[in-house]
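Number of protein chains: 2
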Amino acid sequence: MRSFDCSELKSILDDRRVSTGESVRVLHSHDESFHAPVLPDVVVWPHTTEEVSRLVLWACRSKMPVTAWGAGTSLEGNPIPVQGGMVIDFNEMNKIIAVRPEDFQVDVQAGVIYKELNKTLAHDGLFFPPDPGAAATIGGMIGNNASGSRSVRYGATKDYIMRLTVVLPGGDMIAVGNRARKSSSGYNLAALFTGSEGTLGIVTEATLKLAGLPVNFMAVRGTFPAIRNATDTVYAIMRAGLLPAAMEFLDANVVQVLNADKGLALEENPTLLMEFSGYSEQGLREEMSFVEEICQANGALSLDKGIGPEERARLWEIRHYTYESIKRYHIGLSPLIMDVAVPLSRYTEMVEFSKKEVQDLKAYLFGHAGDGNIHVHVMDDPQDKKRWARVEKATHSIVMKALEFEGTSTGEHGIGIGKSRFMRQEHGESLLLMKRIKALLDPDNLLNPGKFFP
Amino acid sequence: MRSFDCSELKSILDDRRVSTGESVRVLHSHDESFHAPVLPDVVVWPHTTEEVSRLVLWACRSKMPVTAWGAGTSLEGNPIPVQGGMVIDFNEMNKIIAVRPEDFQVDVQAGVIYKELNKTLAHDGLFFPPDPGAAATIGGMIGNNASGSRSVRYGATKDYIMRLTVVLPGGDMIAVGNRARKSSSGYNLAALFTGSEGTLGIVTEATLKLAGLPVNFMAVRGTFPAIRNATDTVYAIMRAGLLPAAMEFLDANVVQVLNADKGLALEENPTLLMEFSGYSEQGLREEMSFVEEICQANGALSLDKGIGPEERARLWEIRHYTYESIKRYHIGLSPLIMDVAVPLSRYTEMVEFSKKEVQDLKAYLFGHAGDGNIHVHVMDDPQDKKRWARVEKATHSIVMKALEFEGTSTGEHGIGIGKSRFMRQEHGESLLLMKRIKALLDPDNLLNPGKFFP
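Quick note, the sequences are listed as chains W and C, same order.
Take the first sequence: its letters are residues 1 to 454, numbered as in the working numbering.
Take the second sequence: its letters are residues 1001 to 1454, numbered as in the working numbering.
For the record, the hints were derived by calculation from the structure and aren't laboratory data.
Since the structure is predicted, the reported quantities are computational estimates derived from the model, not experimental observations.
Fair warning: there could be bad hints in the mix.
Straight line, CA to CA, 27 Å or less: simulated DSSO-like cross-link-like pairs of lysine-lysine [said to hold, decoys possible]:
{"hint": "1", "chain 1": "W", "residue 1": "435", "chain 2": "C", "residue 2": "1401"}
{"hint": "2", "chain 1": "C", "residue 1": "1435", "chain 2": "W", "residue 2": "438"}
{"hint": "3", "chain 1": "W", "residue 1": "209", "chain 2": "C", "residue 2": "1401"}
{"hint": "4", "chain 1": "C", "residue 1": "1438", "chain 2": "W", "residue 2": "435"}
Build the full structure now, drawing on both the sequences and the hints.
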């Protein structure tokens, strides 16, 4: 543990918002991954960008690492303060500064939880589409370029960033971007910070683009005899020019756990959950019969379907349980979740390859199929070196296969600790440029150090 | 003129592809703007990334500026070699490397003209949506983050970049990005190069995301008693959650020139051109009556409308003539085209303010209204210092107003020479970070020097 003068910090924030207490530090030592917890030296709760600036200035002068903290719901160890130092917790910096329905925009502080934001925005018929599922903060989502099941239609967080306020190492505050729907002015710095996992600067505020809430919904749940039938269906639906609002794959193991955990009686087969949204009910009915036709042509065993928000909720409910049900089904074990994404035409091969690689493990395959993104969720014991080495070996093969398919090691969970070992392979010569940019902005390597780069 | 050993260049490319001829240099001394031409020292036509790399290496060793050249259709002097040196012309590097309909992707060399690309892609029912109008190359569009009338629905070039091959100053070749539909891996370098106007690196190849060609179209042309009625209609249509595929504004002056130049008899009023596309004709009819209702509520004087590709072509034809008709109407004068974009809710104010600022000039207002983007097209004589100072004064007021509205000095034309004087005002402290990134990548300032930065 570092020694430092806490009274200096308490001259920046009031007493209550600076803590070196054991329990607080433990709470900020881990995310939802298996990665080993590391205690920070101190946790702080700023309320304004100016306070963050002064904290970062202080930390940089003290050569103390600084890690930004949203909700701690990351899956790759992204916010674990592996070199200790200061954790800046954004949970008290959670104001919705201004809703601008007239511009389809909202200004928020980084600590706002996106689900809370969407509750507020619903009053104006608007929403912020990326939906990672957990209670993530906007700041965390920006750091990670988060996405989720709606990204097949709406894109990832990066597609919704108009303007950011960023505190740079050293404490300088800058604003990047503007509020126009488009711009060709200057380097796209907002895109550089988005997805940089707090390694280049700390995002404190954002102007987000919003989408109008769809008027009507249609949902289909289909089950298939084999993985290939389900994943080929995904491909056929995307190729047909249909524009799903979500397109999720679950393998039979996932359905089996859902049945056990939730007392359901779903057919334990590879399953697709699909959602479509639109203006006219007639239009949705036309799309529905087209979707049915494609599912049947690909050998669907059963199709459950419906139109309207209630039907959508009924058909989709199970997807929201997935993560928690798997966890509860394996109390005492930790999750390692692979997150590769590949071009759509390689999705079937990718999923079948992954299934084979983990056939001797407690593994669950599900993912945002419409984006070519598959989560291979393995439950095991990181303390059991031999078993964990087996899990890591599977990760390695699966990532290498995704890269061979010109895909990515991580579709949405980010690099953090878990994927840094693949950065060289994935980015080749361009990794050097990333390192040069990191060194330019953060020469003392104080922002979220010890991860991201291999 | 620099002295250099041309034989060294001819050892990289064959004779025919290296030229110091006067006429060739003149052709590469200007774009379509009023900005003063400057002759390059030499023009080269590479065929491969490796050749570009060797050319850039040679130029950097010789401390010779390097400017990439697409079609020369820029409007802000973006490719004018203001410090002379080498112009790399991409017109012979125009291969469509691979169409991948199964992934909605295409791999191209940077010199491909986007209209040619779209002709090829149509065979697979696909297209690359950004449409700047001129015969732009993909490389130029990437450099400029080009957009156009379809961007209100489909976004700008940056939204279609999956992977780039880039030659860095010094000649290093890197690939950035991947072919998955989404990724949270590493810094978004592709976004950094897109819109950097060839000042950070030279893009030689790209993997582009594609969209499916719409099945059906609906178009409406409405005329209105005053600018405000037209621009308020834009706002109302966007707010209603309708998703136009294009939404263009033309002021009465533009219509008058079109009538004169093309022998048409259109009502010389503020005009909106709108396009909608979709799957079901019934859905489009529903949208059409909604659109009509909104236009009428905003005082529309006339509405012409139709469904299907022919009707769309008929109603839209005039938009494609605009630029050329204005030019032909003022032979001997040069265009200065302002290109501000503002949040939608400020669009009416922005257009009315602009109209007032140029009321004593030969000025035409038109633009991508659905994006809050307005072009104020002034025809005048840059040699007449007093008159041109008047034009520049209008530019200044209009840009300052756009920035006051938290918009941008350029929605799609880029910075080039013309907008560099606004960079400080627009980007504030973040301009310093742009300069640091420029200095990191191009310490000798050899890539497209003398513009972009103030």
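inquiry  = To test your reading of the hints: which numbers does this structure violate?
reply    = Checked against the structure, the only hint that fails is number 1, while the rest are satisfied.
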